[in-house]
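Participant: Line by line, the protein sequences give chains A and B. Residue numbers for the first sequence follow this note's numbering, so the first one is 24 and each next one is one higher. Residue numbers for the second sequence follow this note's numbering, so the first one is 6 and each next one is one higher.
If you are wondering where the hints come from, they were derived from the structure by calculation, not from laboratory data. Please read these numbers as outputs of a predicted model, since none were measured by experiment. Check each hint, because a few of them may be wrong.
Have a look at the derived ranges for each label pair, beta carbon to beta carbon [stated by the list, open to error]:
no.	chain 1	residue 1	chain 2	residue 2	range
1	B	Thr-18	A	Thr-81	32 to 38 Å
2	A	Thr-81	B	Leu-388	39 to 45 Å
3	A	Asn-247	B	Phe-344	55 to 61 Å
4	A	Val-149	B	Glu-313	27 to 33 Å
5	B	Tyr-355	A	Asn-100	40 to 46 Å
6	B	Gln-22	A	Asn-218	45 to 51 Å
7	B	Glu-313	A	Val-241	34 to 40 Å
8	A	Met-97	B	Leu-388	39 to 45 Å
In this text, a Cβ means the ideal position worked out from N, Cα and C, and glycines have one as well.
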Amino acid sequence: MDKVLSVNSVVKYFHNPQDFQVLKGITFDVNKGEFISVVGKSGSGKSTLLYLLSTMDTDYEGTISVNGTNVTEMGQNQLAAFRNEHIGFVFQFHFLLPDFSVVDNVMLPALKLGRYPKEVVYDKAVNLLKLLDVSGQEDKKASRLSGGQQQRVAIARALINDPTIIMGDEPTGNLDSVNTKNVFDIFRQLSKERNQTIIAVTHDDDFARNSDRIIELVDGRIVNDTW
Amino acid sequence: MNTNNKISWVHLTSKLQQLMVAVLSVTFGISMYVFMNGFVGGVNETFTELSFTSMAHIRIYNELPDGAPSLLSAPDGRTVQFISNARHISYTEGIKNAEKVREVAASFPEVTAVTEQLNQNVFFRNGVTKVSGNLSGIDVDNEERVFHTSKYMLKGNLFDLEKRTDGIILGSGLANSISVSMGDNVSLLTSDGVSRNFKVIGIVETGSSGVDKSKAMISIHSARNIFSKNRNYASDILVSLKDYNRADRVAEAMTKKISYKVESWKEGNSQLESSSILRNILAMVISFTILIVAGFGIYNIMNMTVNEKMREIAILKAMGFDGKDIVHIFLMESLIIGFIGGLIGLLLGYVISYLVGLVPYKIAFLTTLPIQFRPLDYVLAFLFGLIITTIAGYLPARKASKVDPVLILRG
Chain A
24 MDKVLSVNSV VKYFHNPQDF QVLKGITFDV NKGEFISVVG KSGSGKSTLL YLLSTMDTDY
84 EGTISVNGTN VTEMGQNQLA AFRNEHIGFV FQFHFLLPDF SVVDNVMLPA LKLGRYPKEV
144 VYDKAVNLLK LLDVSGQEDK KASRLSGGQQ QRVAIARALI NDPTIIMGDE PTGNLDSVNT
204 KNVFDIFRQL SKERNQTIIA VTHDDDFARN SDRIIELVDG RIVNDTW
Chain B
6 MNTNNKISWV HLTSKLQQLM VAVLSVTFGI SMYVFMNGFV GGVNETFTEL SFTSMAHIRI
66 YNELPDGAPS LLSAPDGRTV QFISNARHIS YTEGIKNAEK VREVAASFPE VTAVTEQLNQ
126 NVFFRNGVTK VSGNLSGIDV DNEERVFHTS KYMLKGNLFD LEKRTDGIIL GSGLANSISV
186 SMGDNVSLLT SDGVSRNFKV IGIVETGSSG VDKSKAMISI HSARNIFSKN RNYASDILVS
246 LKDYNRADRV AEAMTKKISY KVESWKEGNS QLESSSILRN ILAMVISFTI LIVAGFGIYN
306 IMNMTVNEKM REIAILKAMG FDGKDIVHIF LMESLIIGFI GGLIGLLLGY VISYLVGLVP
366 YKIAFLTTLP IQFRPLDYVL AFLFGLIITT IAGYLPARKA SKVDPVLILR G
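Extracted from the complex, chain A is given alone in its bound form:
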């Protein structure tokens, strides 16, 4: 199996308001195509861990490798480029750019990457929107869609660069049960059919139970890692 993520004795402190150790030596590997839920109570450090994995937070000890590349040693600008290419992010709130059209929102990361010409990116974005069942809304402003639709557009945006890993920070946290099921099904399908690696932090027990692997954090330590 291809190893796409390797986390080695990661330790993280918060310094504000006082020094506090959030993560106390986290070590695990992720293989390609795995659908992982990270669970734990508030303050267990699960979100903190996800932001470290996303390369946005660089203040930690230990090493993280994505796709065989050690990202711990990279500078901010290198990391931005790396993130652009390898990591797709889905947030609790959709976080689309409200003034842009739906299709522009999906295209942005790919235009930034600049690997394909604009026309190709456009076709790809339209296909992704179709896959996620939000076709026909391409030219609407993102702020005009419903919450469930916006979250699906955000997933399409996360997928546009064929990232190594999709990371979700409570991706269903703000959705009703119908849309939660929708988003879960999409992740399930992506993992199964496209062999897409997914790591999602969640509070939702159903969501976690139905994923491939559950990593449970308590007080900054992994207490449970079940396939």
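Given chain A's structure and the hints, the job is docking chain B onto it.
Facilitator: Chain B in isolation, oriented as in the chain A frame:
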């Protein structure tokens, strides 16, 4: 279109009202810059032109020797020398070989025209009214070339002086004070006691009242005649240059070839130059203040935009846009504002200047308010506008680039 530019453009066009306010502040600043400088430039030009109606760029004359004449060689340490009531006994007045000096002066490439004058203080008398004034014997053709005197003729024709040896042209104030008008007779009384009658054939008004109250012109031939001078005699030789700002240097070069005193207009008229410099500084200060206020306006608006878009910036960073991209996006926005505002500002500045230039203002040779249209003002206004919007936009853009996405996205 570049992705970053596209984001800038969407930001701008999604908030049209804000864009308009920002653009207007630049427009106002730049149009004021253009107008202020055009106006002050026009005023300066008018002042200079006014003072050059009676003052040449370079004046050549025979200077009275300074101090007491030295009859005896300086005494050695042991002898005391008393000379009381010392006076000059052999002083040659005026320039005797005027034609030669004129030729030398004219040989300088910077020189555009040279004329000679014979100036004396005389009394003008009409009946019992007696007024002292300054009589100039002028070489009409060259006088016109140096001073454009015909432009200031209120009545009569300057060139009639050539034809009429008994003709005189009076300054408007002078004509008034001895109550004569065209065709009247006026009698001159020189300091040597010679009296002569002249007919008024013209009235001149330069706009400088000191000059207008004392100046009278006759042809230089008549003047030489009255003062019994030979035909090569002149009291002053006056030179005009292509560029009056170079008068100092030209005068210095002439001094080496001419044995008389060569004086540029700047010597003894430094108030003219300093007042025009002061006016320029004032215009600069005012227009820069306006531009800087416009800059603060842009800074404020961009700062607000950045604060509003914190979350958007964090998302862009999460998607892989780096600090440079963010600076690019927000700097581009203020550059576009500066560019559009600048162009409209130039146009508005031109229109304002044009309209103000139509306002009637009748003083001296002016008929409307003086306004200059110098391309350099427009180029500089645009340049300064862009520089200030760049600075005003860069500060918020840099702040945006330093946003920590984790902090914003985790809430």
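Participant: Now tell me, hint by hint, if it's right for this structure.
Facilitator: Status of each hint after checking the structure:
no.	hint	result
1	Thr-18/B with Thr-81/A: 32 to 38 Å	holds, 35 Å
2	Thr-81/A with Leu-388/B: 39 to 45 Å	holds, 41 Å
3	Asn-247/A with Phe-344/B: 55 to 61 Å	holds, 59 Å
4	Val-149/A with Glu-313/B: 27 to 33 Å	holds, 30 Å
5	Tyr-355/B with Asn-100/A: 40 to 46 Å	holds, 45 Å
6	Gln-22/B with Asn-218/A: 45 to 51 Å	holds, 49 Å
7	Glu-313/B with Val-241/A: 34 to 40 Å	holds, 39 Å
8	Met-97/A with Leu-388/B: 39 to 45 Å	holds, 40 Å
In summary, this structure violates none of the numbered hints.
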